[in-house]
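Student: Given the sequences, and given the hints that come with them, work out the whole structure.
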Amino acid sequence: MTSVPESRLFADRALLPGGWARDVLFEVSPAGELIAVTPNARPGDAARAGGTVLPGMPNLHSHAFQRAMAGLAERAGPEGDSFWTWREVMYGFVRRLRPEQVQAIATQLYVEMLKAGYTAVGEFHYLHHDTDGRPYADPAEMSRRVLAAAADSGIGITLLPVLYGYGGFGGQPAGEGQRRFLNAPDRLLAIIGAARAATAGDPQVAVGLAPHSLRAVTHETLTAAVTGLQSMDGDAPIHIHVAEQGKEVQDCIDWSGARPVEWLLQNAPVDDRWCLVHATHVTEEEMARLAASGAVAGLCPTTEANLGDGVFPATDYLAANGAFGIGSDSHISVSPVEELRWLEYGQRLIQRRRNLLSGGAAAPSVGALLYRGALTGGAQALARPIGRLAAGARADLLVLDDDSPALYGREGDVLLDAAIFAGSTNPVRHVMAGGSWVVRDGRHHREAPVFAAYKAAIDALQA
Numbered sequence: 355m356t357s358v359p360e361s362r363l364f365a366d367r368a369l370l371p372g373g374w375a376r377d378v379l380f381e382v383s384p385a386g387e388l389i390a391v392t393p394n395a396r397p398g399d400a401a402r403a404g405g406t407v408l409p410g411m412p413n414l415h416s417h418a419f420q421r422a423m424a425g426l427a428e429r430a431g432p433e434g435d436s437f438w439t440w441r442e443v444m445y446g447f448v449r450r451l452r453p454e455q456v457q458a459i460a461t462q463l464y465v466e467m468l469k470a471g472y473t474a475v476g477e478f479h480y481l482h483h484d485t486d487g488r489p490y491a492d493p494a495e496m497s498r499r500v501l502a503a504a505a506d507s508g509i510g511i512t513l514l515p516v517l518y519g520y521g522g523f524g525g526q527p528a529g530e531g532q533r534r535f536l537n538a539p540d541r542l543l544a545i546i547g548a549a550r551a552a553t554a555g556d557p558q559v560a561v562g563l564a565p566h567s568l569r570a571v572t573h574e575t576l577t578a579a580v581t582g583l584q585s586m587d588g589d590a591p592i593h594i595h596v597a598e599q600g601k602e603v604q605d606c607i608d609w610s611g612a613r614p615v616e617w618l619l620q621n622a623p624v625d626d627r628w629c630l631v632h633a634t635h636v637t638e639e640e641m642a643r644l645a646a647s648g649a650v651a652g653l654c655p656t657t658e659a660n661l662g663d664g665v666f667p668a669t670d671y672l673a674a675n676g677a678f679g680i681g682s683d684s685h686i687s688v689s690p691v692e693e694l695r696w697l698e699y700g701q702r703l704i705q706r707r708r709n710l711l712s713g714g715a716a717a718p719s720v721g722a723l724l725y726r727g728a729l730t731g732g733a734q735a736l737a738r739p740i741g742r743l744a745a746g747a748r749a750d751l752l753v754l755d756d757d758s759p760a761l762y763g764r765e766g767d768v769l770l771d772a773a774i775f776a777g778s779t780n781p782v783r784h785v786m787a788g789g790s791w792v793v794r795d796g797r798h799h800r801e802a803p804v805f806a807a808y809k810a811a812i813d814a815l816q817a
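Throughout the sequence shown, residue numbering follows this note's numbering, covering 355 to 817 in sequence.
Quick caveat, the hints were computed from the structure, so don't treat them as lab data.
These numbers come from a predicted model, not from an experiment.
Heads up, the beta-carbon is just placed ideally off N, CA and C, and yes, glycines get one too.
It is possible that some hints are incorrect.
[Said to hold, decoys possible] So the derived label-pair ranges between C-beta atoms look like this: (1) Ala817 - Ala385: 42 to 48 Å; (2) Arg533 - Lys601: 39 to 45 Å; (3) Asn394 - Ala642: 40 to 46 Å; (4) Arg429 - Val768: 40 to 46 Å; (5) Asp589 - Arg533: 29 to 35 Å; (6) Pro557 - Lys601: 40 to 46 Å; (7) Ala817 - Pro557: 36 to 42 Å; (8) Asp540 - Asn780: 43 to 49 Å; (9) Arg376 - Asp492: 50 to 56 Å.
Tutor: Listed below in structure tokens is the structure:
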């Protein structure tokens, strides 16, 4: 990661927590923290940003290894395809992955994220064990590989080791394809403890917990893991897949008499530490209770579309002041622009109307609501001081290419509308993460060696 040679950066315009500002001077500490953000300032000897400055976007949901299988599940089967047939393709792919390959794939992915404008990632990490299902000599081996990938690329990370114990609701036995994922709560908490110890004091890293889903835990193991995490860090984030598929909802009802989000809200201490990933199939009551809980809805529109999951009721959820963030999940797309665009487009296709996710007459910009909302919810879900350009936050920012055809002549919230809805080229020119320039003129500073390692990993997997 390249250090920032200057501690002062000047932008003609920037998006601050209070809105758009002119002539903004950013002062960055050697540790990568914003120590002062001053609008209406003089540049003095500060370096010029060279374009509009935005806060970097948090990516709250990632399965890094799946980047290498993107595109491999787009062939129709003889009896039709669904999320569940896609899952079998994924199980087949994951069966061969080695630690060094996982690290190479994750590093390549994180470079792509940074180039696209993501400056932090929530890694929902469930690939723990060797190919035969036995733990490595170091049970945290795979977690360390993901952390090394984040450090190598320069992206901030919230590592979320996944508790995965069962193959279906009510403690059904796991299948052969899941053996690399399985842990009891005590073993999973030991992995979390090891990751916390290895990254203690690193402001670019947070560590939380991810119960995989209600299919993969029981009430007892969920409670044990959450309680154990609480004893380590009462503010650590907790993420869980929930209500992604219609079959999942029906299976949960058959098991418990309740729908997944309903069951979780009744049986777990869901609050603002939690991120409910997908939550696609919710009733009006569940949606209102989720919004009131303070938890974040983790929305991944490109993956949800790719897997045929369905469409989250975002219009009603945002009307209830629900918090949300975005994630690239399976990485068939690595673009915050595309996630935000499809979050709105899904609502338009269902309701057959336009400009639905806005702040109304007082704040009509769809792009502004989406970008600002995803910043706030993503920062909350990743439990790090990110998503805002203010003193005390990490110096995570991106510089747009104001001379691109889609953005030229656009200002304020109209610029955000154009960045999200006008064109298909990446509008990001430079990226700073944790106070270091990691992308300059669209290229990551370690792009060539990272891609070479990625290609070697793919060649080995295809051999």
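Student: Does 39 to 45 Å hold as the CB distance between Arg533 and Lys601, or does it fail?
Tutor: violated (23 Å)
Student: Is it true that the C-beta distance of Arg376 to Asp492 lies inside 50 to 56 Å, as the hint says?
Tutor: Given range 50 to 56 Å: holds, Cβ gap about 51 Å.
Student: Holds or violated: the 29 to 35 Å window for the beta-carbon distance between Asp589 and Arg533?
Tutor: Holds, at about 33 Å.
Student: CB of Ala817 to CB of Ala385, is that within 42 to 48 Å?
Tutor: holds (43 Å)
Student: Please test the hint of 40 to 46 Å on the beta carbon pair from Pro557 and Lys601.
Tutor: holds (42 Å)
Student: Has the hinted range 36 to 42 Å been met by the Cβ atoms of Ala817 and Pro557?
Tutor: Holds: the Cβ-Cβ distance is about 40 Å, inside 36 to 42 Å.
Student: Is the distance from the Cβ of Asp540 to the Cβ of Asn780 consistent with 43 to 49 Å?
Tutor: holds (44 Å)
Student: How does the Cβ-Cβ distance of Asn394 and Ala642 compare with 40 to 46 Å: does it lie in that range?
Tutor: Because 42 Å falls inside the window, the suggested range holds.
Student: Quick one: are Arg429 and Val768 within 40 to 46 Å, going by C-beta?
Tutor: Since Arg429 and Val768 have Cβ atoms about 42 Å apart, the given range 40 to 46 Å holds.
When the structure is compared with the earlier hints, a violation turns up for hint 2 alone.
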